[in-house]
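When you get a sec, could you build the whole thing from the sequences and use the hints?
Protein sequence lines correspond, in order, to chains A and B. Offset between the first sequence (1-based) and the working numbering: plus 3. Offset between the second sequence (1-based) and the working numbering: plus 1395.
Rather than coming from a laboratory, the hints here were simulated on the basis of the structure. Take these hints with a grain of salt, some might be off.
What the hints assert, rightly or not - Partial list, computed: chain B residues near chain A (C-beta under 8 Å):
| no. | residue |
| --- | --- |
| 1 | D1437 |
| 2 | L1441 |
| 3 | A1444 |
| 4 | A1460 |
| 5 | T1464 |
| 6 | L1475 |
| 7 | Q1588 |
| 8 | M1771 |
| 9 | G1774 |
| 10 | I1803 |
| 11 | T1804 |
| 12 | T1840 |
| 13 | S1842 |
Said to hold, decoys possible - Take a look, some chain B residues computed to stay more than 12 Å from chain A by CB distance:
| no. | residue |
| --- | --- |
| 14 | W1550 |
| 15 | H1599 |
| 16 | E1602 |
| 17 | K1673 |
Claimed, not checked - Below, in silico cross-link-like pairs of lysine-lysine (DSSO-like), each with a Cα-Cα straight-line distance of 30 Å or less:
| no. | chain 1 | residue 1 | chain 2 | residue 2 |
| --- | --- | --- | --- | --- |
| 18 | A | K55 | B | K1413 |
| 19 | A | K90 | B | K1401 |
| 20 | A | K340 | A | K109 |
| 21 | A | K100 | B | K1435 |
| 22 | A | K109 | A | K90 |
| 23 | B | K1643 | A | K453 |
| 24 | A | K323 | A | K433 |
| 25 | A | K323 | A | K380 |
| 26 | B | K1435 | A | K453 |
| 27 | B | K1672 | B | K1643 |
| 28 | A | K337 | A | K323 |
| 29 | A | K114 | A | K90 |
| 30 | A | K74 | A | K90 |
| 31 | A | K55 | B | K1477 |
| 32 | B | K1657 | B | K1673 |
| 33 | B | K1643 | A | K55 |
| 34 | A | K151 | B | K1657 |
| 35 | B | K1435 | A | K93 |
| 36 | A | K380 | A | K414 |
| 37 | A | K453 | A | K337 |
| 38 | B | K1657 | A | K55 |
| 39 | B | K1435 | A | K74 |
| 40 | B | K1435 | A | K337 |
Treat the numbers as computed from the prediction; the structure is a model and nothing was measured. For every residue, glycine included, the Cβ atom is placed at its ideal position computed from N, Cα and C.
Each chain, written out:
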Amino acid sequence: MHSSIFLTTHGVTTQDLENYLAAALERGGDYADLFFELKINHSITFEEHILKGATKAVNLGVGVRVLSGEKTGYAYSEDLNRNSVLKAAKTAAFIAKSASAGGTLKIDSPKLREHDLYSMASLPADLEIGAKLLLLRQADEAAHAYDKRIQQVQATYVDETRHILLVTSDGRCVWDVQPMVRLNVLCMAEENGSRQTGHQGAGGRQTLEIFRDTLDPRNLAREAARQAIQLLSAADAPAGTMEVVLGPGWPGILLHEAIGHGLEADFNRKRTSAFSGLVGQRVASDLCTVVDDGTIPLRRGSLNIDDEGNPTKQTVLIEKGVLQGYLQDRLNSKLMKADVTGNGRRQGYDHVPLPRMTNTFMLAGQSTPDEIIRSVKKGLYAGHFGGGQVDITSGKFVFSASEAYLIEDGKLTSPVRGASLIGDGPTVLKQVSMVGNDLQLDQGIGICGKEGQSIPVGVGLPTIKIQEITVGGTRR
Amino acid sequence: MMDELKNQAQSVVDLAMKLGASAADGFVREEDSFSVRVRKGDVETLKEAVSRSLRLRIFLGRKVASSQTSDLSPAVVDRLVKETIEMAQLISDDESSGLPDHSFFPMQLADLNLADPSWEELTPEDRIDLARRAEAAAAAADVSITNSDGGAFEWERSRTVLVNSLGFAGAYESTMGYVASSPIAERNGAMQQDSWFSIGRHRHQLETPEEVGQRAAQRVLRRVGARRISTCVVPVVFDPLTARTLVKHIFEAVSGDAIYRKRSFLAGKLGESIAGKKVNLVDDALRVGGLGSRPFDDEGVETQITSIVESGTLQNYLHSAYTGRRLSVRPTGNGTRTGSGSIAVGPTNFYMQPGETSEEEIIASVKTGLYVIELMGSGVNLVNGDYSRGATGIWIENGKLTYPVHEITIAGNLREMLQGISMVGNDIVFLGSVCSPSVKIDSMTVSGE
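Right under this line is the structure:
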């Protein structure tokens, strides 16, 4: 691909782009941008030993944003014809009320993004359904073969091919094509009327070649089946505060909820975050260094450019326990006089960009996972989690363990059922007393929601020990 | 306008049939929307747009595939129809698959009074003013309200059209307006945020922005100075906003999609007692002016009032045409179009019917316990009923609300929690398609320090 699909096949010209921006700024806004998006999604579902459903979705539109001080005007059109886009531009322009800034805009020919984190040579949109179906069949067979108590298997494959083109009134014209695939397996085990489920998923910004080795559908299926079977014999989870060891990888959702959201710039500019004004202060033990990194090749949370056309970066959020800075988009970085960090993201053309995370993880420490578990006399080990949530303003956050074990005298003993963990974002990492040498990123399944917008993200964590956190079980 | 949308849906169905489909349906929704958020008196974000989406199902005998597009240009739609047929060819036969039987389509459409054209009399300035007033009313309520997440106003008009190859063609229009206020209060450096909103299809259904702002202020002020408490087992009172999350779990557990897969703690329980005697639940698609009301569901089935729980006994599950066939019962008019065009079971107006006690009486009945005002996280397992969520609340002592508490969880199992509902309030507020009055559950584990 030598240029953006919007210019090569949708008939948009450089002159059009200049006209649209001029219309957006006709009432004197400070800045305007155009966000063209074409998103093609497929899904197939294998259940009850058959291919039960297949879907395809095509979403095309252009969003026009006008900034005037702290104000944002936004409109979009799902039709790329000139009159519709001009109408959207004039609607967005309504926000600004000063006299016209005047002058003419000059758009350079579009540039390809600066990073090259994923391939554009083969895209999920071009895949044949047969190859995807084979993966789901493999998952289904492996899960059923794992144990006769596995009564149901649902295997789902989804993909996305997202073309974007960003044109800004400060002269940036960049485009990207963002692939994504994901495979999920859900198993339900049943024994003596008791039912338990296990989930495992994986994916990233690739096509089907990702589903090899540990991400082979058969391995994902066996892991989902193992969790469901394990839970059949699980006891009730404990209640109260205790020492908790989090396993590596997906439990990094802790960082996403406890730290990440609270460090998004919008909340801090408005001083509505529990982290407002804490830059330079200690918010974690000195074992903790936390980064947000959108530049890791092929990862689910990675992007060549964010949805404002800026290259993604690695941003250090916490260095050796001290808070370093925030995740910035354009609007907030200007108002806070800080640098953009390439974290302006949006669900689609119908939404304004917001400061959002990419891949958020803690760097590895020195301890072995075994040392960490051995150091706990009585506590909980949690290795698999469902979702999480945070109250930005109070800083309280939860994340829900789906598989956990009691730790007794330095050993994992009985499995326990799911329970939520609740803590306080600005203080929980001060309780981190050991950090493992086994950093893992999650397998590519994260979805983050904020103000009604869902976007893909990644998380990561080495094994860590939290000295004290509240576990929400029922057993006292 | 409706005719244009109908023609669009009809032409897609016709094309699908011409290209070899054995049955098809086309669902078109057009949404006109306006939203504004005001912060500290100034407009922060103003957004306006018209969007259209076409969703399509194509059947080849007992095989089905579905698709969706926001790009309605003829070339894209034609190609999508062809691709959807190709997808359907690869699907396995599923004997329950297919359009609803034509006998389930309505002979004539109920008038549910879902649209109020008078919203359009409001100018953009009027709309901004509603948001501004909601924010200002909260800010004026108390000096400890020091910051704001803003005031908001949203309006939407949506037109829905469904056409299928069995000859059903229906359309309806609805409107919705929403006012919200989200103040932040502070004491000793600790901040709390809360909000209140009012929503309705008609202008007269909305509280005034002043009422919304004042209620938001009351809600945030009662959280200020929250502390932690020790782990205990106590009665828990859910306010209407948190109670509706319980009702949402019940909806998910009686949805035909969960029942036929046995992925519900309520599977196999029809006719059995599943909740306290005071619990009555209904799914009522026909509430006049209701937020979840609709004259036909998203596959054309006539909608109805379905009793879910009567005096604690489970009466019915909710079904689409597919889940109805799977379980050999009539569809209940709960077929709901997913984003990708397929059908899942969704609620209409699914709510717990109000009882006779006031919230004050419920609180007064608790010697020591928790009044829950916020729940967080996803710790609910509908397959087996395990429940564990983060909570914020107000501690009850000797029948009175005392101090706010936070950083706690509440846990139990939904089976026992529903049986443990011993009081139901008279204070239902219709804030969406799933609603509840306050409820009291006799015993849950509260985990804290």
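Of the hints stated earlier, which fail here?
-> Violated hints: none; all satisfied.
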